[in-house]
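Trainee: So the chains spell out like this:
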Amino acid sequence: MNDINVFLGLLTVLVLAIFVGFEVISKVPTTLHTPLMSATNAIHGIVLIGAMVATASLINAHLLSPWLTVAATAAVTLGAINVFGGFAVTERMLQMFRRKDSK
Amino acid sequence: MNDINVFLGLLTVLVLAIFVGFEVISKVPTTLHTPLMSATNAIHGIVLIGAMVATASLINAHLLSPWLTVAATAAVTLGAINVFGGFAVTERMLQMFRRKDSK
Amino acid sequence: MTATAIGAIGDLFSIALFILGLHYLNAPATARLGNRLAMVGMALALAFAAWQTLGSAGLPIAIGVIVGGAIGVIAALRVKMTAMPQMVALYNGAGGGAAALISLVEFYVLSNGGHGLYPVIGVSLVLSAIIGAISFSGSIIAFLKLQELMTGRPITYPGQQIVNGLIALAVIGLAVWFVATAGLAAPWAILALLGVALVLGVLFVLPIGGADMPVVISLLNSFTGLAVAITGFELGSTLLIICGALVGASGTLLTVLMGKAMNRSITNVLFGAFGAAGGTEVASASGGPQNVRSASADDVAVMLAYAQKVMVVPGYGMAVAQAQHSVKALADQLEKRGVKVSYAIHPVAGRMPGHMNVLLAEANVPYPALLDMEDANPEFPTTDVALVIGANDVTNPAARSVTSSPIYGMPILDVDKASNVIVLKRSMRSGFAGIENPLYELENTSMLFGDAKASVDELTAAVKAL
Amino acid sequence: MTATAIGAIGDLFSIALFILGLHYLNAPATARLGNRLAMVGMALALAFAAWQTLGSAGLPIAIGVIVGGAIGVIAALRVKMTAMPQMVALYNGAGGGAAALISLVEFYVLSNGGHGLYPVIGVSLVLSAIIGAISFSGSIIAFLKLQELMTGRPITYPGQQIVNGLIALAVIGLAVWFVATAGLAAPWAILALLGVALVLGVLFVLPIGGADMPVVISLLNSFTGLAVAITGFELGSTLLIICGALVGASGTLLTVLMGKAMNRSITNVLFGAFGAAGGTEVASASGGPQNVRSASADDVAVMLAYAQKVMVVPGYGMAVAQAQHSVKALADQLEKRGVKVSYAIHPVAGRMPGHMNVLLAEANVPYPALLDMEDANPEFPTTDVALVIGANDVTNPAARSVTSSPIYGMPILDVDKASNVIVLKRSMRSGFAGIENPLYELENTSMLFGDAKASVDELTAAVKAL
Ligand SMILES: NC(=O)c1ccc[n+]([C@@H]2O[C@H](COP(=O)([O-])OP(=O)(O)OC[C@H]3O[C@@H](n4cnc5c(N)ncnc54)[C@H](OP(=O)(O)O)[C@@H]3O)[C@@H](O)[C@H]2O)c1
Ligand SMILES: NC(=O)c1ccc[n+]([C@@H]2O[C@H](COP(=O)([O-])OP(=O)(O)OC[C@H]3O[C@@H](n4cnc5c(N)ncnc54)[C@H](OP(=O)(O)O)[C@@H]3O)[C@@H](O)[C@H]2O)c1
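Residue numbers (our numbering), protein chains in the order written: chain A, 7 to 109; chain B, 7 to 109; chain C, 10 to 475; chain D, 10 to 475.
If you are wondering where the hints come from, they were derived from the structure by calculation, not from laboratory data. Positions of the beta carbon are idealized from the N, C-alpha and C atoms, including for glycine. Worth double-checking, as some hints may not be accurate.
Calculated cross-link-like contacts (lysine-lysine; reagent style PhoX-like; alpha-carbon spacing at most 20 Å) [what the hints assert, rightly or not]:
id, chain 1, residue 1, chain 2, residue 2
1, C, Lys269, B, Lys33
2, C, Lys349, C, Lys473
3, D, Lys349, D, Lys318
4, C, Lys318, C, Lys345
5, C, Lys349, C, Lys318
6, B, Lys33, A, Lys33
7, D, Lys269, D, Lys345
8, D, Lys473, D, Lys318
9, A, Lys33, D, Lys269
Covered by chain B, per the in silico footprint, the following chain C stretches (three or more residues, Cβ under 8 Å) [as the list claims (entries may be wrong)]:
id, segment
10, 46-57
11, 112-120
12, 263-269
Extracted from the complex, chain A is given alone in its bound form (with noise of 0.2 Å):
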């Protein structure tokens, strides 16, 4: 990630996807509010993928302090607790959005 150029096509990236982001989000009901951020709050869960990536790198770099894979454990530890929660508690919110027509 030395090349400037390299850099500037993240950064063009990066711009990009806050657009979609905020663009995305429109009229939501109050009642959407909760889940919305529930479900973004799991998306950012793909910190997993970094973090799988990062204990990787470590290893292949051949760094065997025990602390560092302990810390890079406990980093794959709370992505997946992010991701796997996050949706499971998304999808029981919305459970309650299915429409019961009666009793």
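Position chains B, C and D with the ligands against the provided structure of chain A, taking the given hints into account.
Mentor: Then chains B, C and D with the ligands, alone, in the frame of chain A:
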């Protein structure tokens, strides 16, 4: 553009821009359909820049065929018509949207 | 930091400005700001591009920009308000043509070395050439139809679909072969491809009626966007890819919205002519003499002058007759007498979205007097006179009740709820949809036959004389 | 095609699925589909990442994913519906913590060679460490407050702003110095940075009241998104950049919308406690004894049983008392007697958006009986009894008329327009906004004091006995 990774980077940018394009159009009132069409028309006038780049690359390649120079100049001309005409006509349409409080 | 890097940062600002501009163009109050932002974005992008290209290719670029810019701006400022849609078509065609020519030039530049083209380059070259050329020639036909330099009627002939299909096949075949040989068959192949694509663009738009042209132009607009995005791949330009994709996507959505607003599906617009050749004729011919009342200008003038609330309902006929200034003059006379005059604007009255707004604004009708369909409909039950000036389909009550009607389900202006309805048109002929209007046979409706401008002027004179 | 290229194409599909998912999450009818799409996107992305990393680091990754996944899912399925917001806080904190730890690990990996870090890497490392750590510790405090493991009241002390300011300065100083030395001062510098940022996160959330936590969680959620996007720069991962930016941007907008829905600006939420320490106390204390009527459960039961139309207005008190099942039982009794029972749901009733919907759905109240504010308000003038169960602010007519009121301008449920208003609460204490409610002094209002669940159960028994 022979590198697959460069291509994939451009593809990512393409996909994001398509999403921005879809999401940015929301509940447009019908009266704005024509101005919006006209404005997007002006924006693809960015092809003028492509024409400029192509012309420059033609000269740099020392391809001195008069026909090609005419084609390149024509591309620039058409691009310029698109940009300048497109914005001017949009601006004129939108002048109709100024609120006049009374005659 | 290299020049390229600085340019890339500048481009990023341009892109942000374009997106913000489109965002603001969604609401009337901010639309002008939106267009200005997009203009600033374009100026910025052009400045950076000029900085990077003028050095090597100053002369051809300067000539092209000055000539093209002058043509574009002068035409845009000179054209009549009502001719705007066809101007947009022309500008759009220019963009498509530019994309096609870029492919041609780049083909020579890239194949200069003698070795073939990389697949991605080859594919994008061919695609932007084809789509750009279709957009170019298709837009010109759309222009000719709307400008009435050729008939606005759908042009159909037996076997048309087969001919079009064969030509499309020829384009595809040439394109595949070009890519497969990595462009080494050139230059005749790329020239042939451009030629056949131009023909396809013409044939594609010919069978579509003039009234559907706004939708077609919007579709061709998104085609050009697509061609520009592909050109971006050809040149490795993020800026072109993003702007092209933005326009391609938003243009597609806009096309769908426009079709919806006039209750037509896109496939129906594009291929409708093949199925129902001459349907319009039949419907209007079967109309025959109806049971209608016609009134004199003097009768109507009295009715208007002593009304409390008059609702003007303009339509395509007002545009044809260019009666907007006369209408304003009549409204002024009535208002002098204390009559409240409003205007009910149907979203698809006329032949382009906002058509009536543009015309009435040109005649200086105050903005607050223009009512949207939603605001106008609740007013009709308390309206004394609904003055329908050259509108037909948008007032057709069959849309509410006759399920078999082609316009069934389209929201209409409920003029029939007014105490009196006066319809100004030249004959009993039908409107765009080619169907009869039961409104004209209602108890409370009277017809005032004649050209809209002439009739309105007569009314004004008669009101003045009272 | 290389493995990286295949992975990149897979990532592109994931990104499209995430965006589509968010798009569909905007409307109740499609929200579940939206979440499912996002889940598929995540599964796809994880599969590709596993394929590329499990080979080298299989064990730690497998342990982490299995342990973390199990904790996350089990907690999500076990938690009570009403505790959802604090669960979201915890999961969000986990994401922030992961981002911070990645920075730590990457610091060691990258500085392994002995030479410093490139500026872009150094800056992103530091930023994602700081923001991730703030989000981690801040989310935990938010959790503790909502779970009532610590006081939900704003925690303030003299000089707090100065202390927070100094700590923020320390963070900035350390960060600048770290980047300036290209990380060569490490490892203590990066550890110190993480430590101070954790403290800052705690101090940032402490002075904010429990009731504002949903907004704070939403804000911390977009912080984590930002941290993840920056982690993407650190690792050169387009996927992380895009997802992080998506969440950062949409989360920010959502935070603003949530604030708007409860008529609070974000700055007021974040820094309000500093200005108006104890404001709540003063206002509710000054209330004193008001001129109110209190009714017995039997009186109210008669009123309800012989009404034609009853509107239940639930609020935070119903959540506190966990009275939703009792309310449903009462409604069933009334419906047996032919009384029409509906529920008026104010958008910010309770302490999180959708709070009342979630509770009532849990109690199996049929969906069509729940009326939005827009639909409910026209019903009140024809309602015989408005039964207000632990709602206060959302029924306060001062919002309509008293310009000096802190909630002036907030749209409310017009319960005062009903023929009779019955208010179930424990005392005359004020609600979240800490202001008096003139509703209680109106002619047609009676109070039924007591815990909401106990009162409702009494009412049910009394109705049954009639
Ligand atoms: N707005 C858009 O974007 C758009 C685009 C494409 C299609 N459309 C369609 O166009 C239609 C618009 O409805 P509309 O009610 O405005 O128009 P219309 O239904 O097309 O009717 C126009 C009427 O004006 C009369 N007329 C024509 N020239 C006249 C003149 N010089 N003086 C007086 N009357 C004249 C015609 O009757 P005579 O011949 O008897 O005079 C005709 O019946 C809808 O069906 C809509 O779907 C709209
Ligand atoms: N929904 C959101 O997203 C959200 C988030 C943050 C803030 N808020 C704010 O929260 C407020 C919500 O309004 P609201 O009307 O629902 O609630 P509220 O105004 O906070 O009033 C709740 C009332 O319930 C009563 N109560 C508490 N526990 C009770 C129990 N066990 N039994 C019976 N009554 C009980 C309390 O009175 P007693 O103590 O006398 O019983 C209190 O006055 C608004 O001001 C809103 O802006 C909402």
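Trainee: State for each hint whether it applies.
Mentor: The hints, checked one at a time:
1. C/Lys269 <-> B/Lys33: holds (13 Å)
2. C/Lys349 <-> C/Lys473: holds (16 Å)
3. D/Lys349 <-> D/Lys318: holds (5 Å)
4. C/Lys318 <-> C/Lys345: This hinted pair holds, its Cα atoms lying about 13 Å apart.
5. C/Lys349 <-> C/Lys318: holds (5 Å)
6. B/Lys33 <-> A/Lys33: holds (10 Å)
7. D/Lys269 <-> D/Lys345: Outside the cut-off at roughly 40 Å; violated.
8. D/Lys473 <-> D/Lys318: holds (18 Å)
9. A/Lys33 <-> D/Lys269: Judged against 20 Å, a Cα distance of about 13 Å means the pair holds.
10. 46-57: Answer holds; 5 residues pass the 8 Å Cβ test.
11. 112-120: With 5 residues close enough to chain B, the hint holds.
12. 263-269: holds (count 3)
Of the numbered hints listed earlier, the single one contradicted by the structure is hint 7.
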